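> So the chains spell out like this:
2 protein chains.
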Amino acid sequence: MTQHHRDPATRPAVVLLTAGGVAPPAHLDELRGLAEVRQCTADTLAEALPGAEVLLVWDIFSDALASAWHAADALRWIHVAAAGVDALLFDELRDSDVLVTNARGVFDGPIAEYVLACVLAHDKQVHRTEALQRAGEWHHRETTRVAGRRALVVGTGGIGRATARLLRAVGMNVRGAGRRPSDDDEDFGVVLDSARLADHLGDVDHLVMVAPLTEATRGMLGEVELAALPDGAHVINVGRGQLVDQEALTSEIAAGRLSAHLDVLVVEPLPDGDPLWTLDGAHISPHMSGDVEGWRDTLSRQFLDHLQTWLRGAEPGPAVDKGRGYVSG
Amino acid sequence: MTQHHRDPATRPAVVLLTAGGVAPPAHLDELRGLAEVRQCTADTLAEALPGAEVLLVWDIFSDALASAWHAADALRWIHVAAAGVDALLFDELRDSDVLVTNARGVFDGPIAEYVLACVLAHDKQVHRTEALQRAGEWHHRETTRVAGRRALVVGTGGIGRATARLLRAVGMNVRGAGRRPSDDDEDFGVVLDSARLADHLGDVDHLVMVAPLTEATRGMLGEVELAALPDGAHVINVGRGQLVDQEALTSEIAAGRLSAHLDVLVVEPLPDGDPLWTLDGAHISPHMSGDVEGWRDTLSRQFLDHLQTWLRGAEPGPAVDKGRGYVSG
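For the record, the sequence lines run as chains A and B. Be aware that the first sequence starts at 0, since it is given in numbering that gives the first Met the number 0, and climbs by one per residue. Be aware that the second sequence starts at 0, since it is given in numbering that gives the first Met the number 0, and climbs by one per residue.
Incorrect hints may have been included.
Unchecked claim - Per the computed footprint, the stretches of chain A lying under chain B, defined by three or more beta-carbons under 8 Å from a beta-carbon of chain B, are:
{"id": "1", "region": "46 to 56"}
{"id": "2", "region": "265 to 276"}
{"id": "3", "region": "281 to 289"}
Claimed, not checked - A few chain A residues facing chain B, derived, Cβ under 8 Å:
{"id": "4", "residue": "G108"}
{"id": "5", "residue": "K123"}
{"id": "6", "residue": "W294"}
As the list claims (entries may be wrong) - Only part of the chain B face toward chain A is listed, based on derived beta-carbon distances under 7 Å:
{"id": "7", "residue": "G108"}
{"id": "8", "residue": "V125"}
{"id": "9", "residue": "Q132"}
{"id": "10", "residue": "W137"}
{"id": "11", "residue": "T142"}
{"id": "12", "residue": "R144"}
{"id": "13", "residue": "V145"}
{"id": "14", "residue": "A146"}
{"id": "15", "residue": "P268"}
{"id": "16", "residue": "I283"}
{"id": "17", "residue": "S284"}
{"id": "18", "residue": "D290"}
Calculated from the structure, these hints are not laboratory results. Bear in mind that the values here come from a model prediction, so they are computed numbers and not experimental data. All C-beta atoms in this analysis are idealised placements derived from N, C-alpha and C, irrespective of residue type, glycine included.
Start from the sequences and build out the full structure, keeping to the hints where you can.
This is how it looks when you write it as structure tokens:
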């Protein structure tokens with residue numbers, strides 16, 4: 000583990016960036032026992048930063064640091080209580096030697112389960128069955144065997160790997176797509192080149208988007224890629240809305256050619272009047288795939304564990320590769 | 000394998016009991032190549048039976064054989080194209096030496112997947128999310144981690160075992176309940192005594208009913224057992240409606256204490272006006288949990304394979320234990 004130098008006799012100042020409507024971290028008393036806690040919101044971040052060694056980004060969608068960066072005169076470590084750090088990053092931060100960590104691991108199992116729920120909802124026609132019931136109709140149908148179905152998981156980080164393992168555990172035929180192709184990946188077996196995604200979509204039943212949002216992945220599931228999916232394919236997005244050309248996907252769903260479960264959207268909440276609210280084949284959820292009971296407690300606990308590592312003079316990790324925009328395994 | 004005696008030079012007569020509205024078996028030409036096929040319905044069964052050696056019950060809910068039994072003067076083997084044989088059995092058949100076989104194995108994997116879909120729909124709040132979407136509401140919620148949840152699978156036949164294996168594969172804590180308790184069952188680990196079901200329900204999150212319907216299991220999930228379930232427990236019935244005191248379950252659902260996914264009901268189709276059509280916590284489906292694309296083909300194939308065994312002078316199997324009402328492992 001990388002060491003860093005700090006005077007163990009000093010209490011660091013930790014800026015806690017939160018927002019109205021966001022529930023505070025658990026274990027705040029414990030945190031206050033370890034550090035001087037400066038709670039702030041986007042508006043007051045610049046006032047809170049001077050002299051602070053650590054920033055805890057609890058308001059995970061905040062991009063406030065970029066404009067308050069001038070005040071970060073002692074900042075050495077930023078922890079983001081989320082898997083994705085796309086909202087945080089900006090060039091000066093990338094170029095600095097400030098350590099960035101994220102909530103690596105916390106969401107792996109929960110999101111994998113959510114993806115499996117979406118797969119089964121699709122193949123077992125859960126939504127259609129519920130709609131028929133509420134319409135008072137008894138209508139027997141045939142559903143689809145999940146074992147043997149072909150899934151492609153785009154994104155080979157911790158969440159993608161947990162998803163692959165779970166989908167394989169129920170007998171699905173799973174491959175991955177990522178930056179580094181492989182023929183013998185321990186979780187995916189085969190990892191395809193995500194830069195050539197359109198070449199690999201012709202035989203996909205379930206396409207799972209779980210890549211981090213970076214300049215390389217923005218819009219990676221575009222019109223061409225969507226057109227390459229076979230009729231009846233099912234898209235699951237638990238990554239970021241901007242991975243997908245949402246307008247093109249909406250057209251494919253409206254045409255009845257594709258269907259989707261979208262836990263993330265380009266604009267959240269999804270604006271009133273967006274056709275995704277009402278299209279039969281579109282199933283949206285409010286960015287909750289990883290948020291199982293106790294998740295805030297788990298996130299707080301993870302930060303406290305990291306802080307104790309920091310106070311011992313070691314670097315918590317793994318670090319986010321700020322150039323790439325994610326933890327690079 | 001048990002041998003039986005027949006003249007291999009003769010073509011047996013096979014009575015195919017079907018009904019209006021039921022799609023015929025696949026591979027009928029192949030069947031006609033092996034046997035004289037007499038297709039009939041409940042009304043004409045007594046005319047078709049004389050001299051027939053084999054009966055294929057393709058109309059799986061039919062109880063017509065009991066009243067046509069007098070005409071079954073040469074019958075030696077009955078195959079039911081379903082897992083449950085409760086509709087077929089009656090005392091004279093039980094007392095006879097006519098072999099009964101069922102669609103053992105065909106539904107194991109499909110029904111296990113359906114049960115998992117119900118578990119995930121419940122824990123990930125799939126129905127609530129869909130309802131909120133269709134109401135135009137963006138409402139973030141916390142869902143439940145499935146790994147570690149406690150399932151009790153009542154019924155230790157092939158379907159129950161496949162279900163246990165699949166639920167364990169996603170990290171659930173699974174036990175079984177059956178006639179023969181065990182501490183080291185290969186699929187369940189622990190099998191509890193289903194005759195004392197109420198004693199074992201206090202810590203169950205998901206209760207899966209997949210027992211055959213017999214005099215011993217009829218109403219086994221009654222008022223007392225339902226009351227023993229903890230608040231918030233979820234009942235999944237993929238066995239037979241009559242396993243459950245449906246009225247008592249309806250009351251628990253109406254009170255908001257329990258919820259359920261019911262693929263089978265006491266009367267099918269569920270009568271108009273039944274509160275299960277509309278209660279928030281009641282999710283009904285039209286007896287389709289095992290019916291995946293190609294299921295009729297699989298069932299036809301299974302019968303043809305069995306018939307070829309029969310024509311070779313061997314007994315297809317395993318046989319249904321007519322006294323117990325299911326294949327007894």
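> Against chain A, is B:P268 within 7 Å by beta-carbon distance?
holds, 4 Å
> Using the nearest Cβ pair, does B:D290 come within less than 7 Å of chain A?
holds, 5 Å
> For the hint on B:Q132, does the least C-beta distance to chain A fall short of 7 Å?
holds, 5 Å
> Given a cut of 7 Å on the nearest C-beta pair, is the interface hint for B:W137 held or broken against chain A?
Holds, about 4 Å.
> Do at least three Cβ atoms from the region 265 to 276 of chain A come closer than 8 Å to Cβ atoms of chain B?
That given contact holds, which follows from 5 residues of the region 265 to 276 of chain A lying within Cβ reach (below 8 Å) of chain B.
> When the nearest CB of chain B is found for A:W294, is that gap smaller than 8 Å?
holds, 7 Å
> Does the CB of A:G108 sit less than 8 Å away from some CB of chain B?
The hint holds - A:G108 has a Cβ within 8 Å of chain B, the shortest such distance being about 6 Å.
> Is the coverage entry for the region 281 to 289 of chain A by chain B consistent with the three-residue Cβ rule at 8 Å?
holds (count 6)
> A closest beta-carbon separation below 7 Å is what the hint needs, so does B:T142 meet it against chain A?
holds, 6 Å
> Tell me if B:A146 is really an interface residue toward chain A, meaning its C-beta lies closer than 7 Å to one of theirs.
This hint holds: B:A146 lies near chain A, its Cβ roughly 6 Å from the closest one there, short of 7 Å.
> Would you say the region 46 to 56 of chain A counts as covered by chain B, given the rule of at least 3 residues with C-beta under 8 Å?
violated (count 0)
> Taking 8 Å as the limit, does the beta-carbon of A:K123 come near enough to a beta-carbon in chain B?
The hint holds - A:K123 has a Cβ within 8 Å of chain B, the shortest such distance being about 4 Å.
The earlier numbered hint that this structure contradicts is number 1, and it is the only one.
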